[in-house]
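K.L.:
Below are the chains, spelled out letter by letter.
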Amino acid sequence: MIAVNLLTKNPVLTLSGINVFRDQFCAVKNVNLDFEAGELVALSGRNGAGKSSLLLAIAGLTNFTGTLKFKESECHHGHHQPGIGYVPQRANLRWDLPMRAIDVVLTGTAGDHHLAGYKNKSKRVKLAWEALELVEGSHLGDRLLSTLSGGQAQRILIARSLVSKPEVLLLDEPLSGLDAPSSQRILNLLKQRSNEGTLIIAAMHELDIVQGHFSRAVLLSGEVIADGAPTRVIPTLYKNPNLSEVTV
Amino acid sequence: MFLESLLIEPFQYEFMRNALIISILAGIVAPLTGYWALTRRMVYLTDAMSHSVLPGVIIASMLGVSILVGAMGTAIVLALVVSLMVRKGKSSEDGAVGVASQALFALGVVLASRSTDSKSLSHYLFGNPLSATFTDIAGMALTALAIILLMLWAHPMLIATSFDPEHASAIGVKVTRADAILILALAGTTVIGLGSVGVLMTISLSVGPAVITRIFAIHISKARFVAMGIGVFSSTFGVIASYHLAIPVGPAVALTCTSLIALSFAIKSFTNFSLERTSDEKNTEKSSMK
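From first to last, the protein sequence lines stand for chains A and B. For what it's worth, this note's numbering labels the leading residue of the first sequence as 1, then goes sequentially. For what it's worth, this note's numbering labels the leading residue of the second sequence as 1, then goes sequentially.
Because the hints were derived from the structure by calculation, they are not lab data. Keep in mind that this is a model prediction, so the values were computed, not measured. Wrong hints could be hidden among the right ones.
Derived SDA-like pairs (lysine to any residue); straight-line CA-CA distance at most 20 Å [as the list claims (entries may be wrong)]:
hint: 1; chain 1: B; residue 1: Lys88; chain 2: A; residue 2: Phe21
hint: 2; chain 1: A; residue 1: Lys165; chain 2: A; residue 2: Gln24
hint: 3; chain 1: A; residue 1: Lys165; chain 2: A; residue 2: Pro82
hint: 4; chain 1: B; residue 1: Lys90; chain 2: A; residue 2: Gln24
hint: 5; chain 1: B; residue 1: Lys174; chain 2: A; residue 2: His80
hint: 6; chain 1: B; residue 1: Lys222; chain 2: A; residue 2: Ser146
hint: 7; chain 1: A; residue 1: Lys123; chain 2: B; residue 2: Trp153
hint: 8; chain 1: B; residue 1: Lys174; chain 2: A; residue 2: Leu93
hint: 9; chain 1: A; residue 1: Lys121; chain 2: B; residue 2: Leu149
hint: 10; chain 1: A; residue 1: Lys121; chain 2: B; residue 2: Leu150
hint: 11; chain 1: A; residue 1: Lys126; chain 2: A; residue 2: Ser164
Okay, chain B solo, but in the shape it has when bound (with noise of 0.2 Å):
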């Protein structure tokens, strides 16, 4: 009885199980594309990126045209003005990424404010899944497929520019095309975490479970699984959370996947345990089974 209303009495109202398949889309595509930023050192261009693309989503919601065509627009500004502030005024690149996105951001707020939009600022902002509708999980499922299917198939172009990209480049891999793959699989990322989480704190739901990850230092190769795992409880546990206590989708997700990190770094410090072994530690175990 107790499971029973805790697990399924709030999925008895539409709005509910609407809230769930949106958090849990995002808790899939946010670790995968988050893992890579954690790996390649994007952490602050993916926390800027998913303030900068409000303005982009303001104005296509204002045009009637799709959020995911405004975010990227507003992906490639980012990119452009970061771009030409780093080569054609000797900036450095977290200095203009930071001056940038702030720009933009404040952009968007003043958008916002104008704009006669059914959404209020706070949904972009804090995430309100609640409200979401049929096209509204269409669309992000159809974006969340083309991300996860673009980072499969970027997987071994990725690796090898993150190890090194110098010698990735000798070989003939394209490092500014893996650099713009996932810069676009981002901004494609905070469109589905503004629907969830929102875009103060998709961050926390792409960079979060990859930190895990690195707790207990898994294997590049699982270690996306993992983090997609880690995502889709913490969506799950957060939007039931919210529920029971009443409280918003958005930072309760943001809070359970936080508080896995704490319980993670808590785990390795008393335990030292780690899912990966070295060759040394399998080989002791053979000698120790003869």
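Chain A on its own, in the form it takes in the complex (with noise of 0.2 Å):
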């Protein structure tokens, strides 16, 4: 590793000796890592480094060895962890349902509902409302899905998290295909959750976003190459080429 690990005192996070895969493939190896609350985190790397798949192994979506620890409880794969929400890269969701964007954020309710799905509606559909606001898009609530632009789909994903109210919040590449007011506006909302102690933790591909906004980055290539500061982590994608397939 290049750079120095971050030390934190009171990890909300922490990933010990943790390989991640995907069908068989070890798609992460050893990874050490410590969160704290607050950190405004960026995991970097060329394609298939192994970003997504260290997301969604915190997710508990896919299959890992080592410990994970949200706090004081240990995670598991295919164990819902209720502090910990996952927004997904937006490209792969259906998109062309006849659904509103309120009806995409009540979704993250599912979870606790789901076997009695009738249950406190009007509870949760106030909270889908207040997560929508949180991200500036209420107006957006009664919109149908497919009339939606790309950074108004990336929010209301971010809303649906929210409802929630995790902990630790996971984002896969939330800038892709964006154009700049859009990711200034994600960004912004991304700080700001992050000023009120939320983790947030993001696939990013564009370094100099990663190098101006976020307080930390973590270089992965099959595993964790670097971790600190952006301003001294980033540049060891420039000297090195094999890890260099990112857009600067």
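Two chains, two frames, a set of hints: combine them into the complex.
P.N.:
Below, the structure is given as structure tokens:
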């Protein structure tokens, strides 16, 4: 590892000897990282470096070995951890369905009620509108999904994760395909959540944005190559041609 | 007088009344489950399932047990064989579904040819609601009720897993449970469809109404009910048409439903009609009223 790990005092998330598997393939190996509340962390690296895989492991969506702790409780593959929110890449979702934005945000509450779907409906709807307000998206609530722009869709997905008031928010390439004003809006939103104590971990390709806006960067290439302040870590990418398949 | 002979006359016979009840049951349940099959891109599986339940239904009929049990059993066999072929045989899912369902369908045809059951193979393939008994109707009504309750209960889970199964899984929704519920409901629907339009045409009554709701971009919360309305209309119209034109009920219902799809396409193409309005359209309407 090139940069020195940041020493954290009260980690909200601890990864010890984590190996992440996609099917039988080990996508990332031996990850040892601690994260504190309120950090704004970018996972960077070329395509296939393991950014998305690591996020999926933290969200409990793919198999891993090692110890992954959210505060005091140990996380496992396939087990829902209520304090961790996950925002996937928006390109993979069904934006063609005849649903309104508020319906998507409302699905963020489905996990708590999958056995009794109609329980506390009014409370759930209220929570969904509050989450939309957090992303300045109240006016989008009634819009059909097919009419949303990329930036608006991204805010809707973030709102869906905020419904459950997570302490850790994981985002997979949240700025991919967005124009500058939309990106700035999402970044402001992430900074605001971070300032309010939410640990944000985002897979990022845009290195100039990581340097300008994030408090910490973790470089991946099948394992952790560097970890630290973006201004120290990002130049590592320029020096190593094997890691340079990213947008600068 | 004309209306009376058109609408009332067919139902002076008990077999026509029974046919209407069974077809309406199918018209309610098939679009309800079919809507989710279309939404979750499981139309091919639905079609395959309607074919593959045939051996289970015939074996159940030969043993004198409920055909619902037979259909569910075959649906489970289909799911297990497909899962095995995908996981162990590295087959594609649609390839596995195609091969397994055709094998089961062929087995069903062979069993039917050896069966001494009073119902002929054509009863199962094309449906014959005219021969329905009170026991058939009672059994199908109970099955329909169970499916409706199951689908209402699973609605939030189905929405969450249809839009984004990965996120649904991350927040604790069991995606495989949602799939299993839908597969069971589809198997139950096939049993009801079998008594009405037959295994070969169940798919038209399942997916046809759902296709119409998609043409007009009807919101997911209302679309199921609109689809059920279209299903009931298609069934009723089909039964009446079968009486007056002296044609089989199953194809009459299927053709009604598919004609409505064609009509919907035409209306949409020429008028761009939609039952849904965006908030922008609502705002425009409000400001023009001021």
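K.L.:
Please name the hints from earlier in the document that this structure breaks, with their numbers sorted from lowest to highest.
P.N.:
2
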